[in-house]
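Colleague: Chain residues, written in single-letter form:
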Amino acid sequence: MTPEPHLRIRDLSVAFGAQSVLKNVSLDVPDRKITVIIGPSGCGKTTLLKSLNRLLDSVDDVTITGGIFVDDEDIYAPGVDVTRIRKKMGLLSQKPQVLPMSIFDNIAYGPRIHGLRDGKAVAAIVERELRSAGLWDEVKDRLHAPASRLSVGQQQRLCLARGLAVEPEIILGDEPTSALDPQSSRIVEQRLIELKAGYTVIVVTHILRQARRIADYIAFLYLGELVEHGPAAEVFARPRDPRTRAYLTGEIS
Amino acid sequence: MGFRRRKYEERIFRVLMLGATAVVVGSLLLILGTVVIKAWPALKLDMILKTPRGGYYMGKEGGILNAILGSLYLASGATFLALLLSLPIVLYLNVYTRRKSAWAVQVRFALDVLWGVPSIVYGAFGFIVMVLIGLRASLLAGIITVALLELPIMARAMDEVIRLVPQALKDASASLGATRLETAFKVVLRQCLPGLLTAVLIAFGRGVGDAASVLFTAGFTDSVPTSLFQPAATLPLAIFFQLGTPFPEVQQRAYASAALLTFLILIISLAARALSRKLRKHTLK
Amino acid sequence: MLLLTALPGLVVGLILLGLLLKSRGILAMKPLSALLFGSDWHPLKGGFGLFPFLVGTLWVTLAAMILAVPISLLTAVYLSEYAPRIVRSAAKPLIDLLSGIPSVVFGVWGVLLVVPFVGRVVAPLFGVYSSGYSILAGAVVLAIMIFPTIILVCLEVFASVSQDLRDTSLALGATKWETVKHVVLRKGAGGIIAAVVLGFSRAFGETMAVLMVVGNVAKVPHSLFDSAYPLPALIANNYGEMMSIPLYDSAIMLSALVLFLIVLVFNLAARVFLTRVEKKVE
Chain A
677 MTPEPHLRIR
687 DLSVAFGAQS
697 VLKNVSLDVP
707 DRKITVIIGP
717 SGCGKTTLLK
727 SLNRLLDSVD
737 DVTITGGIFV
747 DDEDIYAPGV
757 DVTRIRKKMG
767 LLSQKPQVLP
777 MSIFDNIAYG
787 PRIHGLRDGK
797 AVAAIVEREL
807 RSAGLWDEVK
817 DRLHAPASRL
827 SVGQQQRLCL
837 ARGLAVEPEI
847 ILGDEPTSAL
857 DPQSSRIVEQ
867 RLIELKAGYT
877 VIVVTHILRQ
887 ARRIADYIAF
897 LYLGELVEHG
907 PAAEVFARPR
917 DPRTRAYLTG
927 EIS
Chain S
26 MGFRRRKYEE
36 RIFRVLMLGA
46 TAVVVGSLLL
56 ILGTVVIKAW
66 PALKLDMILK
76 TPRGGYYMGK
86 EGGILNAILG
96 SLYLASGATF
106 LALLLSLPIV
116 LYLNVYTRRK
126 SAWAVQVRFA
136 LDVLWGVPSI
146 VYGAFGFIVM
156 VLIGLRASLL
166 AGIITVALLE
176 LPIMARAMDE
186 VIRLVPQALK
196 DASASLGATR
206 LETAFKVVLR
216 QCLPGLLTAV
226 LIAFGRGVGD
236 AASVLFTAGF
246 TDSVPTSLFQ
256 PAATLPLAIF
266 FQLGTPFPEV
276 QQRAYASAAL
286 LTFLILIISL
296 AARALSRKLR
306 KHTLK
Chain G
4 MLLLTALPGL
14 VVGLILLGLL
24 LKSRGILAMK
34 PLSALLFGSD
44 WHPLKGGFGL
54 FPFLVGTLWV
64 TLAAMILAVP
74 ISLLTAVYLS
84 EYAPRIVRSA
94 AKPLIDLLSG
104 IPSVVFGVWG
114 VLLVVPFVGR
124 VVAPLFGVYS
134 SGYSILAGAV
144 VLAIMIFPTI
154 ILVCLEVFAS
164 VSQDLRDTSL
174 ALGATKWETV
184 KHVVLRKGAG
194 GIIAAVVLGF
204 SRAFGETMAV
214 LMVVGNVAKV
224 PHSLFDSAYP
234 LPALIANNYG
244 EMMSIPLYDS
254 AIMLSALVLF
264 LIVLVFNLAA
274 RVFLTRVEKK
284 VE
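Here the protein sequences come in this chain order: A, S and G.
Residue numbering for the first sequence follows the numbering used here, starting at 677 and increasing by one per position.
Residue numbering for the second sequence follows the numbering used here, starting at 26 and increasing by one per position.
Residue numbering for the third sequence follows the numbering used here, starting at 4 and increasing by one per position.
A portion of the hints provided could be inaccurate.
No more than 25 Å apart at the CA atoms, straight line, and that leaves these computed lysine-lysine pairs for DSS-like [said to hold, decoys possible]: (1) S/K32 - G/K184; (2) G/K222 - G/K33; (3) S/K303 - G/K95; (4) S/K32 - G/K179; (5) A/K816 - A/K796; (6) A/K872 - A/K771; (7) S/K211 - S/K303; (8) G/K95 - G/K179; (9) A/K771 - G/K179; (10) A/K771 - G/K184.
It should be emphasised that the hints constitute simulated quantities derived from the structure, not laboratory data.
Build the full structure now, drawing on both the sequences and the hints.
Modeller: Below you can see the structure in the form of structure tokens.
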């Protein structure tokens, strides 16, 4: 395994009311690799992802125990500034969530929130991210049109660009392509692979083929437990746990 | 914007928000409290058991039994009439036609318009109709007018409940061979019964408390009406007239009447809430 | 059953028709503009200028809105975004209760507390004499009456904004308040406008409570501490006399018609905004 893990999850347990959703999950997420979390639906994958940027804080009646360390800092320590933690992570949701504003303002939202006032600097960031996302040529003439008018595939690429505009270190993807057509899916997957050069990527997916395509590292979550994890090649070729084997062969889904 | 300033702005608004909520809740408590405190000296059992004595509007003796019974008769009659009209309309809209059909849209539109009509306009309209058909200010005229007032309120509340019935349930009934009428009564109504009762109660509460619609139409009297064609006293008007007299003892009774009316509305409101909670427990999902 | 569904439309038509027909008398005597913009209200002498009443209603309603909208919005945001569940479930029934209190009871309370407060505390503060029966008193009472209207609609609108959208803003590092400002309020803007318009319309047509505290003096008001005579109060107060003076009943019916049409326009506008919000959710 690569030297310093970027993110470490230690004994994380999450419960909603009396319902336990994650049980003692411990995982080291390697730096600048794509880690894919796989598992059947409803087994806690999204909850795990949301615990990483503390989005679970908004949920009523949630109990979180254990620790999550980003660069050795416990993000759940009392007194920690949540917005700073979240700035380190970019989230890509399953259904593209464009903010109710123009294309330009969507991307500018993050930088502006974090204090950037200079109009030229903001415009430069917008252009840079749109170019990286391959959207620039498509939208440069309508930057101030509402973002909701873009196609679903374009919206998702916009969301990714928006997330990158705040210069995170970690990218979190929650089933990022399941709402997209095959072509847009490929574009997004390609982007994620390009991005691992500079960012640590964690993706949750139920599409095994996608996992095979992009994963460097695999974590298999089943019924709230981390059953198995390791380099993708190993887990796919020689799964150690019978449950992993069952999932990979399609017996449980 | 520095981080501290962002937090600072949030803190200011939090205080404002809490303050605003306190104002809203506080005004409720203030109103209830004031009315009850002022009413306390005059709240005697006689108030609800006797009719007023001593002439000129509310005499210095007796109670407001005329208004209590008058309001109850009037609101019950009006609610019953509104029920007879709204239920078929809403059932038709939900069982017999698709939601988006042009006719359904128009009917709902008309109901929306009616919902927004101020009660004084209903009163004026009721007055016009009364004069037209030669009816004098009476219980009946009041019932018709208040029924018109209650109709859109009841229909809207019922519509919201009935439209929650999943199409799948209606389809299942149809595929078992039930006619639309049977589906309407045996399946939809049963599913929605608590919600429908809530709608009836909401409308009833409105009917009891409204003054402007009965001002022209129900008249006023010191006695309990014994026929539909006699004028009827109503609680809101009793309060209004009592408050307007120059006698402090009578004004005192206005407060007591106001407290009684509020108490009545409170009970109706609680009953409606309890029913709608029951609704949430028993609906199929 | 089909026939019954025609009833609502029929009633709307009949109300319009009835009011219109009854207004014929005075409309034949005077041009509409003189009636709407004339300030001379002396029924015994044939003066039927409705302007003071229209202005009076407008003043009271606008003043009530200025009081009610910020408070209602702040409360709705608090309950929807910040309040712990216990507070939220305790507040909702209280707001429902507030909306059920009859108009007369508000009026009684207004006479008991608000009128003396305005007359003896607020007016002297501004160096003005007022009996307390004033636009300000009417505005305060009216504002409290429309709190529930605006709050409840806003709560529904906010609930329709998906949590995922809020999460997206939070994930970018925004604070809760920034999320409310830039996402929730923006997304719900149409619905908020609808709530405000509905509140306006409700306040415009409100009769008893305002009538009891606003003074009922038929002159164009010049300050918040003046008395005013809103349109609904005019209609309500003159029930007894209108049959005896020629054209009086016709003028009153015309007032009812004007009131009906104004409220109608606002309600329709609110509906348009709300359907647009609904469509976006679907």
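Colleague: None of the hints should be skipped; say for each whether it holds.
Modeller: Against the structure, the hints come out as follows:
Simply put, S/K32 and G/K184 have alpha-carbon atoms about 14 Å apart, close enough for the 25 Å limit, and the pair holds. This hinted pair checks out: G/K222 and G/K33 have alpha carbons roughly 20 Å apart, not beyond 25 Å. Under the criterion of a C-alpha separation no larger than 25 Å, the hint pairing S/K303 with G/K95 is consistent with the structure, at around 17 Å. The straight-line distance between the Cα atoms of S/K32 and G/K179 is roughly 10 Å, inside the 25 Å bound, and the hint therefore holds.
As the CA atoms of A/K816 and A/K796 are separated by approximately 16 Å, the hinted pair is consistent with the 25 Å bound. Taken as a hint, the A/K872 and A/K771 pair is honoured in the structure, with Cα atoms around 22 Å apart against an allowance of 25 Å. Between the alpha carbons of S/K211 and S/K303 the distance comes to roughly 19 Å, so the proposed pair stays at or under 25 Å and holds. A C-alpha spacing of about 22 Å is found between G/K95 and G/K179, which places the hinted pair at or below 25 Å, so the restraint holds.
Note on A/K771 and G/K179: the hinted pairing holds, with a Cα-Cα distance of about 21 Å set against a maximum of 25 Å. For the proposed pair A/K771 and G/K184, the alpha carbon gap of about 22 Å is at most 25 Å, so the pair holds.
Checked against the numbered hints given earlier, this structure breaks none of them.
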